[in-house]
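Spelled out, the chains give:
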Amino acid sequence: MIEIKDLYKKFGKNEVLKGIDLSIKEGGIFSILGPNGSGKTTLIKAILGMVLPDSGEISINGKSLKNDFKYRDKIDYLPQIANFPGNLKVNELIDMIKDLRASQATKDEELIELFKLQPFLNKKLANLSGGTKQKVNLVLTFMFDSPLIILDEPTSGLDPISHLRLKNLIFSEKEKGKTILVTSHILSFVEEIADEIVFLLEGKIYFKGTISELKSKTEQPDFEHAIASILSASYA
Amino acid sequence: MLKILKYSFYDLMRSRWSYVYFLFYLLLGIVLLFLNNDLSKAVITLMNVIIILVPLIGTIFGVMYYYNSREFTELLLAQPVKRSSIFLGQYFGVATSLTMSLIIGLGMPFVFYGIFNSSAIWDFSLLLITGAFLTFIFTALAFVIALSNENRIKGFGYAILLWLFMAVIYDGLFLMSLLYFEDYPLDKFSLVATMLNPVDLSRVLILLKLDISALLGYTGAVFQKFFGTSFGLILSFVMLVFWVVVPTFFIWRIAKRKDF
Amino acid sequence: MLQAEEGDTVLVKKGVYKEANIKINKSIALIGEDMPVIDGEAKGEIITIGADNVMLDGFKIINVGVSYTTDYAAVRVVNSTGFVIQNLELQKLFFGIYLQKSNDGKVLNNKVRGEAVTEFNSGNAIHLWYCKNVEVIGNDVQKVRDGIYLEFSDNIKITNNISKNNVRYGLHFMFSNNNYVINNVFETNGAGIALMFSKFMEVENNVIKKNWGTASYGLLLKEVNDVNMINNLFIENTVGITVEGSNRLVYSNNDFTSNGYAIRVKGACYDNQIINNNFLYNSFDISYNGRINDNKFDNNYWSNYTGYDLDKNGIGDVPYRPVKLFSYIVNRTPETIILLRSLFIDIIDFSEKVSPVFTPDDLMDNNPRMKLIQHDRN
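Chains as they are written, first to last, in our numbering: chain A, 1 to 236; chain B, 1 to 260; chain C, 1 to 378.
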């Protein structure tokens with residue numbers, strides 16, 4: 001589904017992506033992992049067209065992304081920090097995003113029910129707590145039925161119940177055969193949901209495969225130790 | 001783009017700052033008119049305010065809006081919307097709402113005072129049109145600055161410097177060069193130098209109305225043609241449009257190449 | 001007409017009379033009925049009056065000859081007294097009514113329409129040379145060189161005239177004393193009034209407006225003494241008054257509105273009084289060259305005044321300085337005018353106001369009024 005070839009990107013003198021080759025098949029949950037500054041977010045943003053690569057090519061379903069913006073219609077993206085225009089009300093924001101996408105089939109009511117957002121619909125976004133904003137953020141992401149979903153730190157600020165609901169939501173989307181890309185620092189969350197992981201280190205792909213493959217490669221009994229051993233090996 | 005413009009505009013029209021800006025102009029208009037009771041004098045004072053304050057507010061507000069809506073911008077970037085539409089939409093949203101505050105805020109007291117029955121109506125309309133242009137120009141410049149500077153402190157700094165330069169320093173350098181080269185014919189130079197600064201350009205445009213008697217006192221065919229015919233008025237307006245178009249083009253270009 | 005006796009009245013019927021060089025050498029009254037036309041066919045002068053007590057009334061006189069050596073006129077009065085010239089309409093003229101060494105006459109309600117474009121090939125509408133005690137009243141003169149011209153003429157009353165669109169001056173005095181200029185309108189002339197080398201004049205209740213151009217002004221005072229200027233309106237002139245080498249002048253109860261400069265003082269002017277005037281929205285109120293001031297500014301209203309009146313007596317508590325530093329800069333480098341009303345200029349003007357370096361530090365109005373003066377004009 002997503003093909004990335006020889007992707008390079010630097011910001012000023014800082015080389016963030018140094019030749020990424022990656023292909024992600026349709027269907028399943030992929031988790032992109034890596035320490036801070038390894039290029040996770042840059043990679044995701046490159047897929048979204050927010051970061052323009054210096055060289056290399058990204059294509060989705062065989063179509064190159066260059067000079068195209070309509071492909072984003074097929075992507076649902078959850079940004080890391082949820083910050084919206086403070087003077088809009090929640091339902092206005094939802095209507096606005098729907099309006100921008102010109103999309104009819106939405107599940108916003110279902111999701112509002114799921115995250116218990118009804119009491120906030122008429123409140124201004126500036127007056128919402130961080131957690132509530134993140135819920136709104138989730139509604140905005142999941143209300144469309146796009147085949148590719150990209151989640152950047154989806155769990156931040158969520159209470160345990162919402163966390164659980166999010167997990168179920170992700171699984172149910174996977175059931176529909178969608179492709180889901182997730183970045184997260186919470187390893188237990190990744191371990192639970194990911195079918196396959198991609199480990200980035202200093203702008204390169206260090207590892208790609210399932211979690212059990214990672215464990216056997218690093219000869220560690222559990223996921224957390226496996227990750228730790230990669231990091232200590234690389235910094236040793 | 002129109003959708004983004006619409007939402008930015010709605011968002012801003014409900015923001016505290018638009019009200020502050022609006023109330024400021026309302027109050028200014030009322031104070032100028034009803035304390036002085038002199039329409040012509042009010043128009044002259046207003047000119048000073050518009051030429052100095054409108055660029056300042058446009059610049060600061062533009063930079064502020066851009067930085068404050070960064071995350072939201074990122075959300076929009078992930079939507080199937082053209083990049084240039086997002087930024088141009090936001091820019092026009094900000095500039096339009098500022099212009100509305102200016103025109104309604106100043107317009108209301110003047111309308112109640114009876115501007116429609118006064119000969120000052122043209123001077124006043126010209127002031128508002130110039131104010132609108134300055135808002136669009138300086139908001140666009142602010143967006144260019146903000147788009148080129150990730151660091152918001154730097155961005156604010158450059159924006160304030162830009163304003164200070166255009167509003168004060170430029171004229172100081174301009175005056176010094178005129179005095180220094182006074183032995184040479186300077187009328188072409190001074191007209192060109194005026195065209196290159198939107199603040200001066202707007203000022204001269206208003207001078208054409210308020211101080212035409214003084215401006216016509218000078219020899220030199222170029223000045224005569226500029227001030228004495230509609231040539232000056234038309235050229236000034238063309239240049240103002242140019243000053244809106246160029247930074248807008250830069251917004252478009254920088255937005256197209258920028259990483260978020 | 002040749003048969004007319006002294007004291008007769010000759011009535012001329014309506015019609016077109018193609019005649020030039022008509023000489024009137026007897027005291028007669030020549031009166032046109034229903035405006036008969038006298039067409040001089042550009043042959044030279046049309047009517048010359050050489051006798052006392054002649055009246056000329058109600059003709060349309062056209063086609064005066066143009067010459068670069070002789071000042072042909074539509075009507076010339078030579079060495080005569082007691083003339084009355086009224087209700088004439090002059091067109092296609094060189095000089096209009098030319099009074100030469102003639103006294104005690106009247107020029108009333110004439111209408112002159114020239115087609116002057118340059119100073120060199122045009123003449124004056126009403127021209128007085130060595131005349132005394134003449135009244136010039138109710139004339140309407142447009143598009144000539146000088147609307148009304150006086151040279152070596154004293155005790156002339158110029159009232160209720162309109163002088164417009166003239167190439168040079170609306171009214172021009174040279175070496176003429178004790179004259180009255182009252183209730184006239186001077187509009188869009190090269191310059192409104194030029195008073196030169198003259199003394200003892202009264203200039204009252206005139207409207208002087210829209211005299212625009214590089215060398216233009218509403219009123220030029222050059223080497224004149226003892227002139228009173230009262231109750232005049234100066235509106236939208238490039239310069240309201242230019243004054244040079246003139247002493248003991250009184251400017252009071254005038255309105256200076258929206259001029260480039262209200263008063264521009266050049267060269268030595270002493271003992272002038274500028275009192276009780278309104279200075280409204282002029283780009284510059286007063287311009288001065290030099291640091292010495294011997295003129296008195298008092299009790300004027302200045303729309304540019306920004307002081308306060310804490311004791312509420314209607315007089316501002318801080319003096320007003322009408323000369324701006326910027327006017328000096330503009331005098332030196334005229335192109336700097338383009339920076340008028342710039343914030344930078346306001347800043348340097350302000351600093352000069354606080355501590356005068358270039359402008360005369362005693363030049364100020366110690367009693368600036370807080371409110372517009374309502375002048376009594378009728």
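Quick caveat, the hints were computed from the structure, so don't treat them as lab data.
Keep in mind that a hint or two might mislead.
Calculated cross-link-like contacts (lysine to aspartate or glutamate; reagent style EDC-like; alpha-carbon spacing at most 20 Å) [claimed, not checked]:
hint, chain 1, residue 1, chain 2, residue 2
1, A, Lys74, A, Asp95
2, B, Lys6, A, Asp54
3, A, Lys70, B, Asp183
4, A, Lys13, B, Asp38
5, A, Lys66, B, Glu74
6, C, Lys60, C, Asp104
7, A, Lys133, B, Asp38
8, A, Lys107, A, Glu173
9, B, Lys258, A, Asp68
10, C, Lys210, B, Glu71
11, C, Lys14, C, Asp52
12, B, Lys3, A, Glu3
13, A, Lys70, B, Glu150
14, B, Lys82, A, Asp6
15, B, Lys258, A, Glu15
16, A, Lys89, B, Asp38
17, A, Lys66, B, Asp123
18, B, Lys6, A, Asp95
19, C, Lys371, B, Asp38
20, A, Lys74, B, Glu74
21, B, Lys258, A, Glu57
22, B, Lys3, A, Glu57
23, B, Lys41, C, Asp349
24, A, Lys98, A, Asp145
25, B, Lys82, A, Asp68
26, A, Lys124, B, Glu150
27, B, Lys6, A, Glu57
28, B, Lys82, A, Glu173
29, A, Lys133, B, Glu182
30, A, Lys10, B, Asp259
31, B, Lys256, A, Asp145
32, B, Lys82, A, Asp95
33, B, Lys3, A, Glu173
34, A, Lys107, A, Asp73
35, B, Lys41, C, Glu41
36, A, Lys98, B, Glu71
37, C, Lys164, C, Glu41
38, B, Lys258, A, Asp99
39, C, Lys23, C, Asp52
40, A, Lys25, A, Asp99
Status of each hint after checking the structure:
In summary, the hint linking Lys74 (chain A) to Asp95 (chain A) is supported, as the alpha carbons are separated by about 18 Å, within the 20 Å threshold. Pair hint Lys6 (chain B) plus Asp54 (chain A) does not hold up; C-alpha atoms about 34 Å apart against a cutoff of 20 Å. Our distance criterion of 20 Å between C-alpha atoms is broken by Lys70 (chain A) and Asp183 (chain B), whose separation comes to about 62 Å. Under the criterion of a C-alpha separation no larger than 20 Å, the hint pairing Lys13 (chain A) with Asp38 (chain B) is inconsistent with the structure, at around 61 Å.
Distance hint between Lys66 (chain A) and Glu74 (chain B) is fulfilled; the C-alpha atoms sit about 18 Å from each other, no more than 20 Å. For a cut-off of 20 Å, the pair hint linking Lys60 (chain C) to Asp104 (chain C) is broken: about 24 Å separates their Cα positions. Restraint check for Lys133 (chain A) and Asp38 (chain B): the C-alpha separation of about 52 Å exceeds 20 Å, so the hint is violated. Restraint check: the Cα-Cα separation between Lys107 (chain A) and Glu173 (chain A) comes to about 12 Å, which is no more than 20 Å; the hinted pair holds.
This hinted pair checks out: Lys258 (chain B) and Asp68 (chain A) have alpha carbons roughly 15 Å apart, not beyond 20 Å. Restraint check: the Cα-Cα separation between Lys210 (chain C) and Glu71 (chain B) comes to about 59 Å, which exceeds 20 Å; the hinted pair is violated. For the given pair, Lys14 (chain C) sits about 26 Å from Asp52 (chain C) by alpha-carbon distance, which is inconsistent with the 20 Å threshold. As the CA atoms of Lys3 (chain B) and Glu3 (chain A) are separated by approximately 32 Å, the hinted pair breaks the 20 Å bound.
A threshold of 20 Å between alpha carbons decides the hint, and for Lys70 (chain A) with Glu150 (chain B) the separation of about 27 Å lies outside it, so the pair is violated. About 26 Å separates the Cα atoms of Lys82 (chain B) and Asp6 (chain A), which puts this hinted pair outside 20 Å; it is violated. Under the criterion of a C-alpha separation no larger than 20 Å, the hint pairing Lys258 (chain B) with Glu15 (chain A) is consistent with the structure, at around 16 Å. At most 20 Å may separate the alpha-carbon atoms for a hinted pair to count; Lys89 (chain A) and Asp38 (chain B) exceed this at roughly 45 Å.
Of the pairs offered as hints, the one joining Lys66 (chain A) and Asp123 (chain B) is violated, with about 51 Å between alpha carbons and a cut-off of 20 Å exceeded. With a C-alpha separation of about 13 Å, the suggested pairing of Lys6 (chain B) with Asp95 (chain A) holds against the 20 Å cut-off. For a cut-off of 20 Å, the pair hint linking Lys371 (chain C) to Asp38 (chain B) stands: about 10 Å separates their Cα positions. With a C-alpha separation of about 17 Å, the suggested pairing of Lys74 (chain A) with Glu74 (chain B) holds against the 20 Å cut-off.
Our distance criterion of 20 Å between C-alpha atoms is met by Lys258 (chain B) and Glu57 (chain A), whose separation comes to about 17 Å. Only pairs whose Cα atoms come within 20 Å are accepted, and Lys3 (chain B) paired with Glu57 (chain A) is rejected, the gap being roughly 31 Å. Proximity of Lys41 (chain B) to Asp349 (chain C) is assessed by CA-CA distance (about 19 Å); at most 20 Å being required, the pair is judged to hold. The hinted pair formed by Lys98 (chain A) and Asp145 (chain A) meets the criterion: a straight-line CA distance of about 12 Å does not exceed 20 Å.
Simply put, Lys82 (chain B) and Asp68 (chain A) have alpha-carbon atoms about 8 Å apart, close enough for the 20 Å limit, and the pair holds. As the CA atoms of Lys124 (chain A) and Glu150 (chain B) are separated by approximately 27 Å, the hinted pair breaks the 20 Å bound. In summary, the hint linking Lys6 (chain B) to Glu57 (chain A) is not supported, as the alpha carbons are separated by about 35 Å, beyond the 20 Å threshold. Taken as a hint, the Lys82 (chain B) and Glu173 (chain A) pair is broken in the structure, with Cα atoms around 27 Å apart against an allowance of 20 Å.
Our distance criterion of 20 Å between C-alpha atoms is broken by Lys133 (chain A) and Glu182 (chain B), whose separation comes to about 64 Å. Restraint check for Lys10 (chain A) and Asp259 (chain B): satisfied, since their Cα atoms lie roughly 10 Å apart, inside the 20 Å limit. Of the pairs offered as hints, the one joining Lys256 (chain B) and Asp145 (chain A) is violated, with about 28 Å between alpha carbons and a cut-off of 20 Å exceeded. A threshold of 20 Å between alpha carbons decides the hint, and for Lys82 (chain B) with Asp95 (chain A) the separation of about 19 Å falls inside it, so the pair holds.
A C-alpha spacing of about 30 Å is found between Lys3 (chain B) and Glu173 (chain A), which places the hinted pair above 20 Å, so the restraint is violated. Taking the CA atoms of Lys107 (chain A) and Asp73 (chain A), the gap is about 16 Å. The hint holds against a cut of 20 Å. With a C-alpha separation of about 55 Å, the suggested pairing of Lys41 (chain B) with Glu41 (chain C) is violated against the 20 Å cut-off. At most 20 Å may separate the alpha-carbon atoms for a hinted pair to count; Lys98 (chain A) and Glu71 (chain B) meet this at roughly 18 Å.
Proposed proximity of Lys164 (chain C) and Glu41 (chain C) is contradicted: the alpha carbons are some 26 Å apart, above 20 Å. The straight-line distance between the Cα atoms of Lys258 (chain B) and Asp99 (chain A) is roughly 25 Å, outside the 20 Å bound, and the hint therefore fails. For the suggested pair Lys23 (chain C) and Asp52 (chain C), the alpha carbons sit about 13 Å apart, so the restraint of at most 20 Å is met. Distance hint between Lys25 (chain A) and Asp99 (chain A) is unfulfilled; the C-alpha atoms sit about 31 Å from each other, more than 20 Å.
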